[in-house]
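Quick mapping for you: the protein sequence lines, in order, are chains A and B.
Numbering of the first sequence is given in the numbering used here, commencing with residue 3 and proceeding in unit increments.
Numbering of the second sequence is given in the numbering used here, commencing with residue 19 and proceeding in unit increments.
None of these hints come from the bench; they were simulated from the model.
The C-beta atom is built at its ideal place from N, Cα and C for all residues, glycine as well.
Mixed in with the good hints, there may be bad ones.
[Said to hold, decoys possible] Heads up, simulated EDC-like pairs for lysine to aspartate or glutamate below, C-alpha to C-alpha not over 20 Å straight-line:
hint, chain 1, residue 1, chain 2, residue 2
1, A, Lys58, B, Asp69
2, B, Lys246, B, Asp21
3, A, Lys45, B, Asp233
4, A, Lys58, A, Glu10
5, A, Lys58, B, Glu107
6, A, Lys40, B, Asp21
7, A, Lys46, B, Glu107
8, A, Lys45, B, Glu107
[Stated by the list, open to error] DEER-style ranges, computed between Cβ atoms:
hint, chain 1, residue 1, chain 2, residue 2, range
9, B, Asp121, A, Asn8, 19 to 27 Å
10, B, Leu250, A, Ser28, 32 to 40 Å
11, A, Ala15, B, Asp69, 18 to 26 Å
12, B, Asp162, A, Thr52, 19 to 27 Å
13, B, Thr72, A, Ala15, 19 to 27 Å
14, B, Arg70, A, Glu41, 46 to 54 Å
15, B, Tyr243, A, Lys40, 41 to 49 Å
16, A, Ala56, B, Ser22, 24 to 32 Å
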Amino acid sequence: MKVLINGETKEIAEEINLAELLERFSLSAARVAVELNKEVVRKKDWNSITIRDADKIEIIHFVGGG
Amino acid sequence: MTDSFVLAGKTFNSRLIIGTGKYRSHEEMQRAHKASGAEMVTVAVNRVPLDRATESFLDYLAPEMQILPNTAGCYDAEHAIRTARLAREALETDWIKLEVIGDKVTLLPDNEQTLEAAKVLVKEGFIVMPYFTDDLIMAKKLLDIGCPCVMPLAAPIGSGMGVQNPSNLKIMREQLPDATIIVDAGVGVPSDAAIAMELGADAILMNTAIAEAKDAAQMATAMNYAVKAGRLSYLSGRMPKRLYASASSPIEGAIK
């Protein structure tokens with residue numbers, strides 16, 4: 003299946019949940035937030051949400067800004 | 019003299035709020051933050067790069083700092099709302115600097131979209147600190163819907179032009195005596211900061227003026243003094259302006 007993560011199309015072969023997806027990109031749960039199809043997903047729900055074809059995912063962190 | 023200001027129930031002893039962008043290094047930013055005396059810093063929300071490991075930028079901020087995430091880069095209410103929600107989830111904070119930009123060249127705020135976003139976010143329990151054009155009516159609307167402060171610009175973001183419309187700030191102060199007014203964006207040098215404070219601003223938020231100074235930490239110190247000086251001046255009440263001279267020394271009794 004294909005998913006859109008931070009604007010990039012990514013091919014995912016097997017069924018995985020959101021927590022596993024973040025691990026794949028070596029993203030630590032600390033101070034990162036995830037949006038699935040424009041809705042924020044709480045950290046506690048990452049394990050229970052399975053990624054589906056055509057999902058749009060945004061993963062954010064913090065950078066310098068004013 | 020203690021002259022703290024309270025925002026959403028939290029007391030701040032410094033009236034200078036500073037950004038974290040544009041510094042040449044993390045170390046330089048840390049030195050500037052320390053020198054500024056600021057107790058609140060802004061950070062931006064951004065997509066995590068997927069092709070490389072990243073360290074947490076937040077690790078470079080002093081733990082006692084109040085972190086104020088912003089919605090910079092958002093051009094409509096929907097994106098700003100989504101960004102605010104993501105920031106809250108990541109930082110477990112309700113504080114948000116709401117910034118909805120209307121134009122890429124000037125980075126001037128879209129006041130209408132800002133108000134729309136503020137309405138939604140206030141209802142969701144956010145402490146919304148809105149950046150907007152220095153307009154009294156807009157300030158009233160933002161306060162009416164529950165923003166704990168208003169953040170009018172002094173000049174366009176990163177322009178360093180200083181307070182372009184002092185009358186607007188003065189009118190806002192006079193007409194909204196109980197409101198918390200934080201001048202956000204456009205300060206270039208300490209005298210600009212002092213002018214904004216002398217006009218009655220409760221605090222100032224700045225980034226570029228410090229980060230782009232050749233010596234950021236020294237400029238942060240200067241800004242710290244300027245904000246304090248401007249505040250003391252405002253509290254002291256300035257002398258009236260006169261068109262003609264008024265002698266400081268006695269006219270009578272000089273030798274002839």
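Hint check results:
1. For the hint linking Lys58 of chain A to Asp69 of chain B, the alpha-carbon distance of about 18 Å falls within 20 Å, and the restraint holds.
2. For the given pair, Lys246 of chain B sits about 9 Å from Asp21 of chain B by alpha-carbon distance, which is consistent with the 20 Å threshold.
3. Taking the CA atoms of Lys45 of chain A and Asp233 of chain B, the gap is near 41 Å; set against the 20 Å cutoff, the hint is violated.
4. Simply put, Lys58 of chain A and Glu10 of chain A have alpha-carbon atoms about 10 Å apart, close enough for the 20 Å limit, and the pair holds.
5. Taking the CA atoms of Lys58 of chain A and Glu107 of chain B, the gap is near 18 Å; set against the 20 Å cutoff, the hint holds.
6. Only pairs whose Cα atoms come within 20 Å are accepted, and Lys40 of chain A paired with Asp21 of chain B is rejected, the gap being roughly 43 Å.
7. Under the criterion of a C-alpha separation no larger than 20 Å, the hint pairing Lys46 of chain A with Glu107 of chain B is consistent with the structure, at around 11 Å.
8. Taken as a hint, the Lys45 of chain A and Glu107 of chain B pair is honoured in the structure, with Cα atoms around 8 Å apart against an allowance of 20 Å.
9. Checking the proposed 19 to 27 Å range against Asp121 of chain B and Asn8 of chain A shows it holds: the Cβ atoms sit about 25 Å from each other.
10. A hinted range of 32 to 40 Å for the beta carbons of Leu250 of chain B and Ser28 of chain A is inconsistent with their spacing of about 51 Å.
11. Ala15 of chain A and Asp69 of chain B have their C-beta atoms about 19 Å apart, which keeps the hinted 18 to 26 Å range intact.
12. A beta carbon spacing of about 44 Å between Asp162 of chain B and Thr52 of chain A contradicts the range 19 to 27 Å that was offered as a hint.
13. Checked against the given bound of 19 to 27 Å, the beta carbons of Thr72 of chain B and Ala15 of chain A, roughly 25 Å apart, stay inside it.
14. Against the hinted window of 46 to 54 Å, the Cβ-Cβ separation of Arg70 of chain B and Glu41 of chain A comes to about 27 Å, which falls outside the hint.
15. Look at Tyr243 of chain B against Lys40 of chain A: about 46 Å separates their beta carbons, and that is inside 41 to 49 Å.
16. For the pair Ala56 of chain A and Ser22 of chain B, the supplied restraint of 24 to 32 Å is violated, since their beta-carbon distance comes to about 52 Å.
The structure is inconsistent with the numbered hints 3, 6, 10, 12, 14 and 16, although it conforms to all the rest.
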